[in-house]
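Colleague: Chain by chain, the residues:
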Amino acid sequence: MTATQTAQYDEMFGPDGGVRPAYAGYDEWYRAQDPAWLRKQSSEAERFFRRTGITFNVYGDDAGEERLIPFDMVPRIITAAEWRKLSRGIEQRVRALNAFLHDVYHRQEIVRAGKLPERLLRENEAYLPVMAGFVPPGGVYTHIVGIDLVRTGPDEFMVLEDNARTPSGVSYMLENRETMMAMFPELFTQVRVRPVSDYPRRLARSLAASAPPAAQFGAGERPTVAVLTPGIYNSAYFEHAFLADQMGAELVEGSDLRVVGGRIAMRTTRGWQPIDVLYRRVDDEYLDPLTFNPNSALGVPGIMDVYRAGGITIANAPGTGISDDKAIYSFMPEIVEFYTGEKPILQNVPTWRCSEPQSLQYVLDNLAELVVKEVHGSGGYGMLIGPTSSRKEIAAFAAKLRARPDNYIAQPTLSLSTCPIFTKAGLAPRHVDLRPFVLVSPNGVDITPGGLTRVALKKGSLVVNSSQGGGTKDSWVLED
Amino acid sequence: MLGRSANGIFWMFRYLERAENTARLLDAGFRMALTRGDSASAEEWRSVLVTMGLDQAYAARRSDYTGTQVCNFILRDKDNPGSVLAMIEGARTNARMVRTAITREVWEATNETWMTLKDMLSRPVRETNLGELLGTIRRQATYVRGAMDGTMLRNDIFNFARIGTFLERADNTARILDVKYHVLLPSVAWVGSSLDHVQWETVLRSVAGDRAYRWLNAGGMDARGIAAFLILDGRFPRSLAFCYEKLRSNMASLARAYGEETDAHELLRGAGARLHQTTIEQIVEAGLHEFIVDFIACNIDVANAIAQDYRFTD
Numbered sequence: 000m001t002a003t004q005t006a007q008y009d010e011m012f013g014p015d016g017g018v019r020p021a022y023a024g025y026d027e028w029y030r031a032q033d034p035a036w037l038r039k040q041s042s043e044a045e046r047f048f049r050r051t052g053i054t055f056n057v058y059g060d061d062a063g064e065e066r067l068i069p070f071d072m073v074p075r076i077i078t079a080a081e082w083r084k085l086s087r088g089i090e091q092r093v094r095a096l097n098a099f100l101h102d103v104y105h106r107q108e109i110v111r112a113g114k115l116p117e118r119l120l121r122e123n124e125a126y127l128p129v130m131a132g133f134v135p136p137g138g139v140y141t142h143i144v145g146i147d148l149v150r151t152g153p154d155e156f157m158v159l160e161d162n163a164r165t166p167s168g169v170s171y172m173l174e175n176r177e178t179m180m181a182m183f184p185e186l187f188t189q190v191r192v193r194p195v196s197d198y199p200r201r202l203a204r205s206l207a208a209s210a211p212p213a214a215q216f217g218a219g220e221r222p223t224v225a226v227l228t229p230g231i232y233n234s235a236y237f238e239h240a241f242l243a244d245q246m247g248a249e250l251v252e253g254s255d256l257r258v259v260g261g262r263i264a265m266r267t268t269r270g271w272q273p274i275d276v277l278y279r280r281v282d283d284e285y286l287d288p289l290t291f292n293p294n295s296a297l298g299v300p301g302i303m304d305v306y307r308a309g310g311i312t313i314a315n316a317p318g319t320g321i322s323d324d325k326a327i328y329s330f331m332p333e334i335v336e337f338y339t340g341e342k343p344i345l346q347n348v349p350t351w352r353c354s355e356p357q358s359l360q361y362v363l364d365n366l367a368e369l370v371v372k373e374v375h376g377s378g379g380y381g382m383l384i385g386p387t388s389s390r391k392e393i394a395a396f397a398a399k400l401r402a403r404p405d406n407y408i409a410q411p412t413l414s415l416s417t418c419p420i421f422t423k424a425g426l427a428p429r430h431v432d433l434r435p436f437v438l439v440s441p442n443g444v445d446i447t448p449g450g451l452t453r454v455a456l457k458k459g460s461l462v463v464n465s466s467q468g469g470g471t472k473d474s475w476v477l478e479d
Numbered sequence: 000m001l002g003r004s005a006n007g008i009f010w011m012f013r014y015l016e017r018a019e020n021t022a023r024l025l026d027a028g029f030r031m032a033l034t035r036g037d038s039a040s041a042e043e044w045r046s047v048l049v050t051m052g053l054d055q056a057y058a059a060r061r062s063d064y065t066g067t068q069v070c071n072f073i074l075r076d077k078d079n080p081g082s083v084l085a086m087i088e089g090a091r092t093n094a095r096m097v098r099t100a101i102t103r104e105v106w107e108a109t110n111e112t113w114m115t116l117k118d119m120l121s122r123p124v125r126e127t128n129l130g131e132l133l134g135t136i137r138r139q140a141t142y143v144r145g146a147m148d149g150t151m152l153r154n155d156i157f158n159f160a161r162i163g164t165f166l167e168r169a170d171n172t173a174r175i176l177d178v179k180y181h182v183l184l185p186s187v188a189w190v191g192s193s194l195d196h197v198q199w200e201t202v203l204r205s206v207a208g209d210r211a212y213r214w215l216n217a218g219g220m221d222a223r224g225i226a227a228f229l230i231l232d233g234r235f236p237r238s239l240a241f242c243y244e245k246l247r248s249n250m251a252s253l254a255r256a257y258g259e260e261t262d263a264h265e266l267l268r269g270a271g272a273r274l275h276q277t278t279i280e281q282i283v284e285a286g287l288h289e290f291i292v293d294f295i296a297c298n299i300d301v302a303n304a305i306a307q308d309y310r311f312t313d
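Each protein sequence line maps, in turn, to chains L and Y.
So in numbering that gives the first Met the number 0, spot 240 of the first sequence is number 239, and the numbers just go up one at a time.
So in numbering that gives the first Met the number 0, spot 163 of the second sequence is number 162, and the numbers just go up one at a time.
Incorrect hints may appear among the rest.
[Stated by the list, open to error] Reference listing, derived: stretches of chain Y covered by chain L, where coverage requires no fewer than 3 residues with Cβ under 8 Å from a Cβ of chain L:
#1 165 to 173
#2 227 to 233
#3 287 to 295
[Claimed, not checked] Ranges of calculated distance between the beta carbons of each label pair, as one might list FRET restraints:
#4 L:Pro-349 x Y:Asp-313: 39 to 45 Å
#5 L:Gly-260 x Y:Glu-280: 56 to 62 Å
#6 L:Glu-124 x Y:Arg-60: 49 to 55 Å
#7 L:Trp-36 x Y:Asn-128: 32 to 38 Å
#8 Y:Ser-62 x L:Ala-181: 18 to 24 Å
#9 L:Glu-124 x Y:Ala-59: 47 to 53 Å
#10 Y:Ser-248 x L:Gly-270: 19 to 25 Å
#11 L:Gly-247 x Y:Glu-259: 22 to 28 Å
#12 Y:Arg-122 x L:Gly-230: 47 to 53 Å
#13 L:Lys-423 x Y:Asn-303: 43 to 49 Å
I should point out that these hints are in silico values taken from the structure, not numbers from a laboratory.
By construction, the Cβ of each residue, glycine as well, lies at the ideal position given by its N, Cα and C atoms.
If we strip away everything but chain L, and leave its shape as in the complex, we get:
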C-alpha cells in the first residue's frame, strides 16, 4: 500500500465532463433554472436556518454563541443500486459491531482466538468494567449508529469511522430535506427520491422495542421514552430537542431525574414518572456520578445500578464507545469476519497502527503524505494532514508520534470523491463524505436511505467536520 493519490472521482460529472446517470434528472432541472434566482434561494436558505434556530454551539466560543452549519443546495445523489450494496454492507458491519460489543463484555472469544490483542481492550478508556457480564435489554448495545463512508471511485465506498457511541447529525439530514422541499418543490416531482422524514417515527419504534424487563405498560400503550441532554449549551442541543419533539418524547436533563423505587423517574408536574427507555446524549463518563466521574452534574446518581437490575434501557449502552476507537477500527475487517463468518462487504481505509514498530517507521518516513489521527480523537481535532502541513508542523507531530506511538494510527491521504456545490460562479467540486444512520432493535436493523453528506467548503480541503468549517448537503437515494 502506498500513499499516492489516484485520480479524483466526481460524483456528478465524469472525466469527459458528461453528467453521470445518478444526476441526469437533477442536471436537467438545474439547467432550466435562472442562475440569479438560484443565488437568491441560496441566501434564503441561510435565513431559513437562522430563523428556525438550527444552530450548533462551538466549544471555546462565548457561551451562547450559536453558529449555523452552512447548507449547500446541490443534493448529493446515490442510485438505488449503489444504495442496495451500501446498505447490505452497513447492516453486516452493524451486526458485527453489536456481536463484538457483547463479546468484549463477556468471554472475549475474539481475543482467545488471537484475532485482537487483549491490550486494545484493557488499555482502552472506553472499556467499562461495570458492563462486564451484563446483557443490555434485548441484547442490543448500539441502538443508533452512524457509519462514516467515503468514496474514491465508481464502485469504491470505504468506511472511514464507526460512530457507535453517540452519532449526531441526523437532525440535519431531516432539516436539509425539509429545506430542499420547501425551496424547490417541483424538483421532487421531477426526480423520485426516497423519503427520510419517517426517521423519528422509526427511532421511536426502535427505542420502544428495546424496553427493559421492569417496563410496565398495558396493551395499546407504549413504553415511556425520554431523551437525555446535557442542556441548552451543548453543541448538539438543537438535535436533542428536535428528536424529542419529533418522537413525542420528553427532553430531560440530569436534574429532572432520580431513582424512585428501583426505576429512573422524571419530575413531572404531577409527580415522579418512571422512564423505560432513555436515549441519552450524555457521554458515559458523565452518566452516573456514583459509578463514573463523581463531579458530573449531567447524569443521574445510581442509574447504573438501576440499569444493571433491568429497570431502564440506556441507548446506546454504556461502554459502546470502545468500538469507535481507531485502533479497534483497524481490526474491523477481522471483526466482521469473526462474528458474521462472511467477508466484509465494505472495506476499511488502509490503516497503519503506529503501535507496531514497522508501521511506525513507515509512518514517520512518509508523514508528508499521510493523515495521522489520535485513536480516541473525534471531530477532526488532534490530527495531522500531511500534504497540507508545513515542515515545522510535521516535525512537531513526529515528536508526538515517537513519544506515544500507541496513541496514533495513520491512513493514506485519500482522494475523496467530490460533489459540486453552488457558488456565485456556478457549480464547483468539493470533497464529501456520507454518514448513514442505522437503527438497531431486537427486531432488526433499519437503515434510513441516504444519511448526512458533509462537504468541505474550502477548495481542495479534505476536512468536512462542521466544527472546522464544513457544510452539509441533502443526500438523495433515488427510487428504483
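With chain L's structure known, arrange chain Y on it following the hints.
Modeller: Quick look at chain Y alone, frame taken from chain L:
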C-alpha cells in the same frame, strides 16, 4: 409534562409580558415628558424606574434622569440584568429549553423576536428611533401571542404559559398603580386641573387603556373611575380582575386535567374573592396604597405556590 418545562414556559411568558409592558410604560413616560419641563420629566422618569424596581440600580450608576439615559438603561444597558434585552434573551433561552413543549411557530416567532430586538438594541437608542423600537417590541410580543393562540394544543403546557402571562400582567398593572396611586386619590386642591388629566392619561396609556376608558365613559375622566377600571373592570384585559379571572380558569383546567386541586388553587380563590367582593369605594376607604401592596404580595404568594405545587424545581 416535566416540572422544569412548566417552569420554563411559565418564565418564557412572564418575560415576554414584562418586555411588552415595559415598552408601554416607556412610551407613556416619553409622552408625558414631552409635555413638561425638565424637572417634572425627571420626576416622571424616576417613577418609571421605581415602577420597574430599577431605581436603586440606576441611581448607583447615573445621576441624571433624561429620557434617553433612562430608556437606554431600561432597554439595553449591559449593567442592567433587568433590561428589556435581557428579558427577551431570557424568554428565548427558556423557549429553547422547552423547545419540545412549544410548536415550531411559537419557537420561530420567539427566535425572530430575539434576533430582531438584539439587532435593534445593539446600538444606543435615540429619541428619533425610540417610537419605532417600542412599537417593534409590542408587535413582536403580539406575534408570539398570536402564534401561541393559533397553534398550541390547549393542555397543561398552554395553561402554564397563560398563568405566567397573567401573573406577570397583574403584577405590572399593580406596580403602575402602586407608583401612581397618589394621582388617583381624590385631592381637593387639584381636582379637575389639567395636570391631573395628563397624569391620568399617562396611567391609562401605560396599560393601553386610554381608548377603552374614554369609550366607556363618553370621554369623561376621573381618578376613582380610573382606579376602578384598572382594578375591578373584568372587561379590560390588563385589569387585575381580568388577569385573575384568566388565572382562575387556567388553574381550573389544570385541576380538571390532573384530577386534583392544590394549595395554589385555595390561595387563588381567596385572592379572587377579595377582588370580586369589593367596590372601589371600599378600596379607597381602606387605603388604595395598602390594597395594592397587599395585592402584589399575594400575587407573589400565588406564583410561589404554583411553582411548588407543580414541582417547577427540585
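Colleague: Would you pick out the hints that fail for this structure and give their numbers low to high?
Modeller: Violated hints: 1, 2, 3, 4, 8, 12 and 13; rest satisfied.
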